[in-house]
Amino acid sequence: DTGVSQNPRHKITKRGQNVTFRCDPISEHNRLYWYRQTLGQGPEFLTYFQNEAQLEKSRLLSDRFSAERPKGSFSTLEIQRTEQGDSAMYLCASSLGSVPERGYTFGSGTRLTVV
Amino acid sequence: GENVEQHPSTLSVQEGDSAVIKCTYSDSASNYFPWYKQELGKRPQLIIDIRSNVGEKKDQRIAVTLNKTAKHFSLHITETQPEDSAVYFCAASSSGYALNFGKGTSLLVTP
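Those sequence lines, one after another, are chains E and B. Residue numbering for the first sequence follows this note's numbering, starting at 1 and increasing by one per position. Residue numbering for the second sequence follows this note's numbering, starting at 1001 and increasing by one per position.
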């Protein structure tokens, strides 16, 4: 396990469909984060978990977005009833401890295209 | 919430010259300031970070300075090489979990 793994790398879906992305963090990392990055912008924080607990979700973009980390290991991000504006790169990151202590390691992302 | 401004949006330098990217932040409680490098189609990679109890940090050709009073921090790359070409993002954190990113600087190093 050499890094944060995200699947799939690319996803094309029709508007109105549901999509789910998976993130496998670095195994010893207890914190997992989801970000969205649109073209020409920096990553935008969505939510994070400490072990299996979702400690911040107020910045999820709408109620169509939800995330889980049921066993404190991998996480899934689901978008229901996708819209064209959801097209973006979805990045996952993980850390051991808080951000100022250790910093983040990002995965390579899942690029979503809604047609 | 935290607002991070980054300048310039694009920067072109000749190989061997220095490059400087500047960021300002709004939340005086911010205490962690990382810099990420993102090559096209790849993940953001942490290249250097600084915490609020330190004014400057250096790692080989890369250095970061922090001015807490003015709420700004800068990335300095010396002796630039073509492989330094990428998009660079600054970020700030006051929460201990969320990073607030700037919009990025596209750096081009020409041979």
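Honestly, I wouldn't trust all of these hints.
[Unchecked claim] Only part of the chain E face toward chain B is listed, based on derived beta-carbon distances under 10 angstroms: (1) Q6; (2) G42; (3) Y48; (4) R59; (5) P70; (6) F74; (7) S95; (8) S98; (9) S108.
[Stated by the list, open to error] The list that follows gives simulated cross-link-like pairs (lysine to any residue, SDA-like), each with its CA atoms no further than 25 angstroms apart: (10) B:K1042 <-> B:A1070; (11) B:K1058 <-> E:T105; (12) E:K57 <-> B:S1085; (13) B:K1042 <-> E:G103; (14) E:K71 <-> E:G103; (15) B:K1057 <-> E:T105; (16) E:K11 <-> B:K1058.
[As the list claims (entries may be wrong)] Label-pair distances were calculated between CB atoms; the ranges are: (17) B:R1051 <-> E:G85: 30 to 40 angstroms; (18) E:K57 <-> B:A1029: 19 to 29 angstroms; (19) B:E1039 <-> E:T113: 13 to 23 angstroms; (20) B:E1056 <-> E:Q17: 25 to 35 angstroms; (21) B:R1051 <-> E:N51: 36 to 46 angstroms.
Keep in mind the hints are simulated off the structure, nothing from the lab. Note that the coordinates shown come from a computational prediction; the quantities given were computed from them, not determined experimentally. Even glycine gets a Cβ: it sits at the ideal position worked out from N, Cα and C.
Now the hints, each set against the structure:
Hint status for Q6 (chain E): holds, given a least beta-carbon distance of 9 angstroms to chain B, under 10 angstroms. Against a cut-off of 10 angstroms between C-beta atoms, the interface hint on G42 (chain E) holds, since the closest Cβ of chain B lies about 3 angstroms away. For Y48 (chain E), the suggested interface contact is upheld, since its CB lies about 5 angstroms from the closest CB of chain B, less than 10 angstroms. Annotation: R59 (chain E) was flagged as interfacial toward chain B, and the flag holds, the nearest CB pair being 7 angstroms apart, inside 10 angstroms.
About 20 angstroms separates the beta-carbon of P70 (chain E) from the nearest beta-carbon of chain B, more than 10 angstroms, and the hint is not met. Proximity of F74 (chain E) to chain B is violated relative to the hint, the smallest CB-CB distance being about 17 angstroms (cut-off 10 angstroms). Among the interface hints, the one on S95 (chain E) holds; its C-beta lies about 8 angstroms from the nearest C-beta in chain B, closer than the 10 angstroms criterion. About 4 angstroms separates the beta-carbon of S98 (chain E) from the nearest beta-carbon of chain B, less than 10 angstroms, and the hint is met.
With 10 angstroms as the threshold, the beta carbon of S108 (chain E) comes within range of chain B, its nearest partner Cβ sitting at about 5 angstroms, so the hint holds. With a C-alpha separation of about 33 angstroms, the suggested pair K1042 (chain B) and A1070 (chain B) falls outside the 25 angstroms cut-off, and the hint is violated. A hinted pair counts as satisfied when its Cα atoms are at most 25 angstroms apart, and K1058 (chain B) with T105 (chain E) qualifies at roughly 20 angstroms. Of the supplied pair hints, the one linking K57 (chain E) and S1085 (chain B) is violated, its CA atoms being roughly 35 angstroms apart against a limit of 25 angstroms.
The hinted pair formed by K1042 (chain B) and G103 (chain E) meets the criterion: a straight-line CA distance of about 18 angstroms does not exceed 25 angstroms. Proximity of K71 (chain E) to G103 (chain E) is assessed by CA-CA distance (about 23 angstroms); at most 25 angstroms being required, the pair is judged to hold. Of the pairs offered as hints, the one joining K1057 (chain B) and T105 (chain E) holds, with about 20 angstroms between alpha carbons and a cut-off of 25 angstroms not exceeded. A distance of roughly 40 angstroms separates the Cα atoms of K11 (chain E) and K1058 (chain B); the hinted pair therefore is violated under the 25 angstroms criterion.
Between R1051 (chain B) and G85 (chain E) the CB atoms are about 36 angstroms apart, so this pair conforms to the stated range of 30 to 40 angstroms. Take K57 (chain E) and A1029 (chain B): their Cβ atoms lie about 21 angstroms apart, and the range 19 to 29 angstroms holds. Judged by the Cβ atoms, the range 13 to 23 angstroms given for E1039 (chain B) and T113 (chain E) holds: they are separated by roughly 21 angstroms. Roughly 50 angstroms separates the CB atoms of E1056 (chain B) and Q17 (chain E), a value that falls outside the hinted 25 to 35 angstroms.
For the pair R1051 (chain B) and N51 (chain E), the supplied restraint of 36 to 46 angstroms is violated, since their beta-carbon distance comes to about 25 angstroms.
Of the numbered hints given earlier, the model fails hints 5, 6, 10, 12, 16, 20, 21; all others are met.
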